[in-house]
Amino acid sequence: MRAGLALALFASSAAAACEAPPGFAAAARVESRDTVVLYRTAPATIDVGERFAVDAFVCAKAPPAPTGVRVDARMPAHRHGMNYRARVTALGGGRYRAEGLLFHMPGNWQFVFDVERPARVERLTHDVVVE
Amino acid sequence: MKRAAALALALGVAGAAHAVELDPIELRLALRHGPWPQPVLRDPSNRVSGDPDAIALGQRLFFDPRLSGPGTLACASCHVPAQAWTDGRARAIGLAPLDRNTPTILDAGLQRWFGWDGAADTLWSFVLQPITDPREMGATASHVAQLVRADPVLACRYRRAFGQPVGGDDERTLVDLAKALAAYVETLNSGRTPFDDFRDALASGDATAIDRYPAAARRGLKLFVGRGRCSVCHFGPAFTNGEFHEIGIPFALGPGRVDAGRHDGIKRLRASRFNLLGPYNDDPTGAAAAKTRHLASSHANFGQFKTPGLRNVALTAPYMHNGRLATLRDVVKHYSELDPDRVHADGEALLRPLRLSEAEVDDLVAFLQTLTARTPTVPGAPPATADACGR
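Residue numbers (this note's numbering), protein chains in the order written: chain Z, 1167 to 1297; chain G, 8 to 398.
Calculated directly from the structure, the hints in this document are not laboratory data. Be aware that one or more of the hints could be misleading.
Covered stretches of chain Z, going by a simulated chain G footprint (3 or more residues, C-beta under 8 Å) [stated by the list, open to error]: (1) 1214-1221; (2) 1236-1245; (3) 1248-1257; (4) 1270-1281.
Virtual Cβ for every residue (Gly too), placed ideally from N, Cα, C.
Throw the hints in and build the complete structure from the sequences for me.
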């Protein structure tokens, strides 16, 4: 019972710590047991054949803190990814910008966030439909 | 009021969709194939893109056989205006037989990559390839530069387009002339088609205009955006996503020779000093080079070729990167009877045989035929009188 309460209190404070920083209006929240990724695209609407960027805020629910993130995307049903490789720039405070993404087909895409932590990489995914 | 208008429009579109039995997803995809024409934006990597003097110089060069090494072949020898700017051959013949089909250059200004393998990232750098390839036009930078220096009319037009006389750097002169040619090719845009009228009628809910579109073409469109999933790759107003796919067309060229398509195209692009990362990119912001900087490559690129646009496709037979298929019907049947085992293991899971009936093949062909422009794109009239540069 006590353990349960302690866990609940910890989860509550961790969730609060993973809220978007001021001025960052995320469009989506992707979450695992240990990590939260909040992200938005620029421009907000992804058009087929048009380059776009991803702004992300990466947050650990518990230490150790992430050291970086790789951003990619794929079409699982088609068994292929993008024809372009995003380059990620760390902006500080857990914020990152990935540039150079381009979806070359309409359909079901999946963002892939590989969050780097000391000694491991955690993968979080988020599905989007592009028409 | 605004809300009421939006609702009325939505109802109109829904009613129009019902008339051609498109489901809502098919309707949205059909509408994505327009509007047409699309604005052709100036190419920031080409400082004379859109410049009338450069366009005039480019037009003159396009039809001038002296541009080739032996003086026998012009760009227009293969990109024949009366043949939808192709040559009607399965595989092109320059100074020697070539391995690939001559694509139309209509709407080239809308593309992201150039050539069947995308070995060029700008239209102007693509123009350099046929000019200097020994099997195509077989010219050199010094040959082309000397041609312009020695011809008073071309020299005058060069000066007008670039604001200075032809310099002593032959390679730079060749690149400048390629940029003038590209500026001309950017003006070659295809006209409106029966499909465009239909698409616009769908968008506005104009039932009368919708009824003018042939029933077989409507059924073909439904297959194109629906069960056939053709529009996944042949996407957007130009009917191409501008990228590369392996679709089960053999790429062996003969004993010991293969056409690796995009795989080699990326290698050639990265090795070229004429790419957007090189010294001839006129874009001071560097933004135009982003696609090249971010380009990824993988073994899946082997045997991939660019998705061609489908505007005027009925006029550009034969088809595929090697001209292997003679008719539109052959193309549709290729996808209908596709052998998945011929698409290599890294290929996309997108392709599967469509198993179309003969009537459905007819319908798809009927739809493709409605992508033909009502008015062919022909060269602008040459100046009737001599200007300051002469004729």
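A quick look at each hint next to the structure:
1. 1214-1221: This one holds; 3 residues, not fewer than the three required, reach chain G with a Cβ under 8 Å.
2. 1236-1245: Contact hint for the region 1236-1245 of chain Z vs chain G: holds, 3 residues under 8 Å.
3. 1248-1257: holds (count 6)
4. 1270-1281: Coverage by chain G holds for the region 1270-1281 of chain Z (4 residues, Cβ < 8 Å).
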